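2 protein chains.
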Amino acid sequence: MFVLFAEEMRAVSEVAQGAKPASLLLEGGRIVNLFTRRIEEGSLALLGSRIAGVGAGYSEGSEVIDLEGGLIIPGLIDAHIHIESTLLLPSHFAAAVLPHGTTAVIADPHEIANVLGEAGIDFMLSISEKLPLDFYFMVPSCVPATEMETAGGEITPVQVERLLDHPRMLGLGEMMNFPGVVHGDKAVEAKIAAAHRRAKPVDGHSPGLAGRELQAYAGAGISTDHECITAAEALEKIGCGMKVIIREGSAARNLADLLPAVKAAGSRHFMFGSDDREAAELLSAGHMDEILRRAVALGCDPMDAVEMATLNPALHYRLARRGAVAPGYLADLVVIDNLQDFNVRLVIKGGSVVAREGEALSPSASHPVDENITNTVRLLRPLQAADFSLKAGPGAIPVMGIIPNQIITEKLMLEPRRDKEGAVQADPDRDIIKIAVVERHRCSGRVALGLVKGLGLCRGAVASSVAHDSHNIIVAGVEETAMAAAVNALARSGGGFVAVDGSAEVQSLLPLPVAGLISREPARKVAAALAEVNAAAQSLGAAPHQPFLTLSFLALPVIPHLKITDHGLFDVDTFSFI
Amino acid sequence: MFVLFAEEMRAVSEVAQGAKPASLLLEGGRIVNLFTRRIEEGSLALLGSRIAGVGAGYSEGSEVIDLEGGLIIPGLIDAHIHIESTLLLPSHFAAAVLPHGTTAVIADPHEIANVLGEAGIDFMLSISEKLPLDFYFMVPSCVPATEMETAGGEITPVQVERLLDHPRMLGLGEMMNFPGVVHGDKAVEAKIAAAHRRAKPVDGHSPGLAGRELQAYAGAGISTDHECITAAEALEKIGCGMKVIIREGSAARNLADLLPAVKAAGSRHFMFGSDDREAAELLSAGHMDEILRRAVALGCDPMDAVEMATLNPALHYRLARRGAVAPGYLADLVVIDNLQDFNVRLVIKGGSVVAREGEALSPSASHPVDENITNTVRLLRPLQAADFSLKAGPGAIPVMGIIPNQIITEKLMLEPRRDKEGAVQADPDRDIIKIAVVERHRCSGRVALGLVKGLGLCRGAVASSVAHDSHNIIVAGVEETAMAAAVNALARSGGGFVAVDGSAEVQSLLPLPVAGLISREPARKVAAALAEVNAAAQSLGAAPHQPFLTLSFLALPVIPHLKITDHGLFDVDTFSFI
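One line per chain: the protein sequences are A and B, in this order.
In this text, residue positions in the first sequence follow my numbering: the first is 825, and each later residue adds one.
In this text, residue positions in the second sequence follow my numbering: the first is 825, and each later residue adds one.
Extracted from the complex, chain A is given alone in its bound form (with noise of 0.2 Å):
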């Protein structure tokens, strides 16, 4: 964690005092003190990685910045991120977030840890470390997510409590499994009862939850939930002594609904977390810097959005004296025009300028990355056409609706078009083609088979080996020998997003050779490539805005109402397959 040595310690307080002058002085700007809720004139005498002294007495340093006005705010720090939903590397996504202003963030390796389990884990540990951005991370409470599904990786009890003692281990990581807390499921018990007597928090994953079963589940001491998409929702959280994390991603986007619980229960229950974040929009429109900006926009008073985005994170997540602009803290400080722009000048992490005017100082490096990290896409042998043959008995059969922009689908009874031998068609005529899971972990040759309608393909097929939460391969399409390809082109390349034409010929694939799930490229190629592989997915029919993020979620059983894994067709409903 963060700790003042000794001899640290004594260095620091002679530039406090003014007897040696700072390594580095901010002077000219305007200082954002959340304690006081005021911005005060001064410089900032900085040693080191760490603030030595605010005020107006500093004046020497061996390194002198003229802010010219502009405003000093502590570093950002994202509450709630998954880092591979980026699809990038933590060098990768520091080099892009930099520049914004974020200098630490709050992951869950939650989907590396089902390819990989224990080992996608200590692998973000080790690529995250010494960057100038840190990266620390809670441990995944519920992998595999649930035993519909053949996922890759497992983190038992045991690994929790390992996992727990790393100093970049903040706690322990949502806790999905609501009726596994409250009805005593041994091993999510032994998960919560680790982190407690490390004195770590554990995160929550409760959307709607309510009442009774709300009391039982805060009252298991699980501390945050980033669900929330009520003002209503959030103060009964927060009654219950929990805080919320206001989750503003790609998709799900919750400020405006909850910043009227701010108003009313005082920011310090809340803070903000970007949960799923695209590289481009990080890039194009930011990240914590595009929520501080949206959250003032809609109303919210700008030191309660710094607060949220600063100091409360660090409290919660007991990072030691950072998150505020104070002597003691470490010197991670972000330079903005105003409390309304939030325009970022300066980023200045551990004491040093790691970003200027938007582009980060230092190219992001590129790491060697083990062998088992990239070849997780596992097939018994290549697919044919002919393993995705589907047979059915005479009448309408269950199929996949999608409803656009939402993750939960309808479970319809449509009857299907039939060859001549009785065998299941695609039917782009009617929007219905095939869609299948293909186990991708244990070598295992499963592929479940179903239909699926309002994706919009009218030839050829999609597939992604990013499938929550397995991560299994998913591939929808209207000729089986294209879904073949495609299939196989992700085997090739280790897992990514790839679009094949009606003719079995690659159209473009975004590699995502890390587990299936990462690119090894920087931010700015992923999101050209990802948007090419998204208009080639478009330009064979695909409907949705993004064909591979609407993919990724039809494999997730826990969202109603029929959804699809490696073991079949399963109605969320009745909790069982078909």
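Where hints are given, some of them may not hold.
Note: identical chains are not told apart, hence a pair may lie in one copy or across any two.
Listed next, the in silico SDA-like pairs over lysine to any residue satisfying Cα-Cα at most 25 Å (straight line) [as the list claims (entries may be wrong)]:
no.	residue 1	residue 2
1	LYS1087	VAL1120
2	LYS954	THR1198
3	LYS1010	GLN841
4	LYS1024	PRO991
Bear in mind the hints are in silico, worked out from the structure with no lab data behind them.
Owing to the predicted nature of the structure, the values given are computational and were not obtained by experimental measurement.
For chain A, the structure is supplied; the task is to place chain B on it using the hints.
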């Protein structure tokens, strides 16, 4: 600390969901929710020591109490107190304050540590175990307090390390050695770093510190101050990231002056502490309940007031899941009539009723106390009149001048009365009498002598084994025989307060056999005995309202201007002996 184990988690969850009855159901009350800052209707379902559920839905309990409209607030927490100053053992202290709603204290055993070192702290830890009030402690950081006096004990950095690992040791106690902090005293730094390494807070003590020196002090990670006397001072400290403990003791009372700072910066940065409070006042006026009553009478928002006495200390000192009425929280609860009078009707500690209508339900137990704790007044031999004979050259000599109701003294230069041989004599007509400090820890036989003006004594002597911070025996008197008799009486009783008349007869003695600081008797007896010995001193002419309190500060060599230690008269301004 406070950990939810798996079995308990499950049982609490069952009650929360209404599947099983509460062990204790509190109905008919209203609940103060500090998170939403609202008063809620509803019942409270407890299971064992835990709050299982809060809300309208709970109606079954093995035991049911109708609160008849009472308001439920969390158990009150004193953020900073020296138990020794009450002259009470922890068990008797608990019996005195539980009826006033105090269920936890954060105590600094600084006084007993100065007498007994580590053994004194271990004694306080062991004797405060398993009481119906939680005694948390801070490790005394400055023992001995200065090099100008002989203390009985020392707390080294190595001992600080060991003590900090105790689960009821919440951090490092008030760091009075400001120069040691900012000028890099190695032992001071080692003690602070030991707390930081454990992520435990360091309390401060920095009267009047401001500007760059405050930046240095706060920058060393010192996170509280309880010495603020103006709102401006409090706000400057809060701006540095510190928390301010508003002190409202028997002598020092800062509440009225600091409430404007609460209004300006918000209550989250403040706590309440009593620091030093007398047994009589605890019984009559009250403890934290009295502070709440006064705060609200002075215009403080009642929610702010309750928060400063409950949730805020719990958060700052990391007392997990306490300080609020919420599911999973410790069932330390106080039922009051309203948020103005704060009359305590019922006190529940860890789920059990411990006080009702001003009376503790279980009598305070007596504890055996080891002889090494009660045998701490160690003199080389009994004192004689000749030990107080004072020679001085001709002319004026320095005399300590008492300023009513202050602990600072004046340095007076006065011509003393002399006998025929030229020996200095007490001169009660001019209110000048003799004062001495008798070293009592190490059988050194050391006696330091001087004169004091303003105590008022016309005859006899008063003596005390409570004499900050080293707690040698301080004695003041007219006749040398009376002074010797007073010291010898304290040697026989193992310490205390004594008043001896002009013929060397003991008029009244309050024995404080535990380290020469603490009585063995319950609060009522101690209060009566203190009143009696104060009255006896006043019948001898003593002028101060509390003669023994005045006496106890005359040996404190860090408070201006002239003080006396066992090494002699000390000029605090020149920081040297005379």
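Tested hints:
1. Taking CA atoms no more than 25 Å apart as the test, LYS1087 paired with VAL1120 passes in both settings, with 12 Å inside one copy and 24 Å between copies.
2. Within a single copy, LYS954 and THR1198 get their C-alpha atoms as close as 22 Å, which meets the 25 Å cut-off; across copies the closest is 56 Å, which misses it.
3. Within a single copy, LYS1010 and GLN841 get their C-alpha atoms only as close as 55 Å, which misses the 25 Å cut-off; across copies the closest is 18 Å, which meets it.
4. Taking CA atoms no more than 25 Å apart as the test, LYS1024 paired with PRO991 passes in both settings, with 11 Å inside one copy and 16 Å between copies.
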